[in-house]
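> All chains should be modelled from the sequences, with the hints used to inform the complete structure.
Here is how the chains run, residue by residue.
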Amino acid sequence: MSIDQEIITAYNDGMEDYAFNLIIRHYSTRLYNHIRKLVPSHEDCDDILQNTFIKVWKYLPEFRSESSLFTWIYRIATNEALTFLKRERLRNIISLGSKEAEVASRIESDPYFNGNQAQLKLHKAIASLPPKQRIVFSLKYFEELKYEEIAEITGGSIGSLKASYHIAYTKILNLLEKE
Amino acid sequence: MEKSNKDILDNPDLKKNPWSPPQEYFMALEERVHLAIKEEEESTPSLISRLKPSLMLFLMFGIIAGIGYLSLKLTDALQKPSAIAEKDGIMALIENGYLKSSFIEEYYDEIDLGNLYSDAMQEITFERIMDENLSEDELMDYIDY
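Protein sequence lines correspond, in order, to chains A and B. Okay, so the first sequence: first residue is 1 according to my numbering, each after it adds one. Okay, so the second sequence: first residue is 1 according to my numbering, each after it adds one.
Think of the hints as simulated: they come from the structure by calculation, not from any bench. Given the structure is predicted, the values throughout are model-derived calculations rather than measurements. Errors might be hidden in some of the hints.
Said to hold, decoys possible - Result set (SDA-like, lysine to any residue): computed pairs, CA atoms no more than 20 Å apart in a straight line:
| # | chain 1 | residue 1 | chain 2 | residue 2 |
| --- | --- | --- | --- | --- |
| 1 | A | 58 | A | 118 |
| 2 | B | 16 | A | 160 |
| 3 | A | 58 | B | 41 |
| 4 | A | 55 | B | 26 |
| 5 | B | 15 | A | 12 |
| 6 | A | 162 | A | 22 |
| 7 | A | 121 | B | 9 |
| 8 | B | 15 | A | 118 |
| 9 | B | 38 | A | 19 |
| 10 | B | 16 | A | 104 |
| 11 | B | 16 | A | 118 |
| 12 | A | 140 | A | 160 |
| 13 | B | 16 | A | 173 |
| 14 | A | 121 | A | 55 |
| 15 | B | 38 | A | 22 |
| 16 | A | 58 | B | 37 |
| 17 | B | 38 | A | 17 |
| 18 | A | 121 | B | 11 |
| 19 | B | 15 | A | 110 |
| 20 | A | 58 | B | 39 |
| 21 | B | 15 | A | 115 |
| 22 | A | 140 | B | 12 |
| 23 | A | 140 | B | 15 |
Claimed, not checked - The following label-pair restraints were derived from C-beta to C-beta distances:
| # | chain 1 | residue 1 | chain 2 | residue 2 | range |
| --- | --- | --- | --- | --- | --- |
| 24 | B | 55 | A | 58 | 22 to 28 Å |
| 25 | A | 166 | B | 68 | 51 to 57 Å |
| 26 | A | 117 | B | 51 | 55 to 61 Å |
All C-beta atoms in this analysis are idealised placements derived from N, C-alpha and C, irrespective of residue type, glycine included.
Listed below in structure tokens is the structure:
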């Protein structure tokens, strides 16, 4: 029995708290790593992760196994991250300032960043992408999900996701070429 | 050049997560999530506070509708029915001859239509006499008539 099946069985047997604790223990690290690649600070990532779990708890009774539990949880987390990124982008537009340099410096000075120079360049390039491209690139490149799985998480057609990934990939290559 | 960059992106090390969370972050996360859920459930808004936005919206709509009605009333835009009724009253007076509806009607009232008709007939008869070659007997008959 997979962990997802164990969680669903426990929940259906009335052990809601146990099922939810299993979700937190099983998905915390994976979701944290996913969200962390999308947002520039640990604090923002922490907020998004907590909101994700609160929503998982809130909407778990409505989960109908039409998609896998993994996809369903990832969809919630990705939507939370996307909402955050859109809000940040809007704030940047209102303040009329380019935040790209600020985001890059935040990554450089992040005490929780333990990567090498190549990783630093890559994540600075990713931070310059629009929110949706950033999410599609992250899900495909880091999580190595199939386009069908990405479509279940983000919505949209497979064709548009392929195009989005291709654009993001090319942009990152161009940015790496410049440096 | 592009090939070398593609090689960089194909490097599996790049796919590793370069961030590490603070120590014991995940240990504390479970407890914090439960606490946050408990707080959210406790702060679930009451029925009145949930209905408050709808009530406020309804109240605002009422105020706006009231202001609209008053302004229409003040600018006589809502006086049409009574205005029509008043007009109907005036029409009734005109029809009953208590009021003059226009200058023309007033003018014709001053003319004696009976005299106007007889004058016109006289003119026609005279013309006829002049135009037609009536015999003396016929003329005498006509005068007697």
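> Hint by hint, note whether the structure agrees.
Going through the hints against the structure:
| no. | hint | verdict |
| --- | --- | --- |
| 1 | A:58 - A:118 | violated (40 Å) |
| 2 | B:16 - A:160 | violated (26 Å) |
| 3 | A:58 - B:41 | holds (10 Å) |
| 4 | A:55 - B:26 | holds (18 Å) |
| 5 | B:15 - A:12 | violated (37 Å) |
| 6 | A:162 - A:22 | violated (34 Å) |
| 7 | A:121 - B:9 | holds (11 Å) |
| 8 | B:15 - A:118 | holds (11 Å) |
| 9 | B:38 - A:19 | holds (17 Å) |
| 10 | B:16 - A:104 | holds (19 Å) |
| 11 | B:16 - A:118 | holds (12 Å) |
| 12 | A:140 - A:160 | holds (13 Å) |
| 13 | B:16 - A:173 | holds (18 Å) |
| 14 | A:121 - A:55 | violated (34 Å) |
| 15 | B:38 - A:22 | holds (18 Å) |
| 16 | A:58 - B:37 | holds (9 Å) |
| 17 | B:38 - A:17 | holds (12 Å) |
| 18 | A:121 - B:11 | holds (14 Å) |
| 19 | B:15 - A:110 | holds (19 Å) |
| 20 | A:58 - B:39 | holds (13 Å) |
| 21 | B:15 - A:115 | holds (11 Å) |
| 22 | A:140 - B:12 | holds (14 Å) |
| 23 | A:140 - B:15 | holds (11 Å) |
| 24 | B:55 - A:58: 22 to 28 Å | holds (26 Å) |
| 25 | A:166 - B:68: 51 to 57 Å | holds (55 Å) |
| 26 | A:117 - B:51: 55 to 61 Å | holds (57 Å) |
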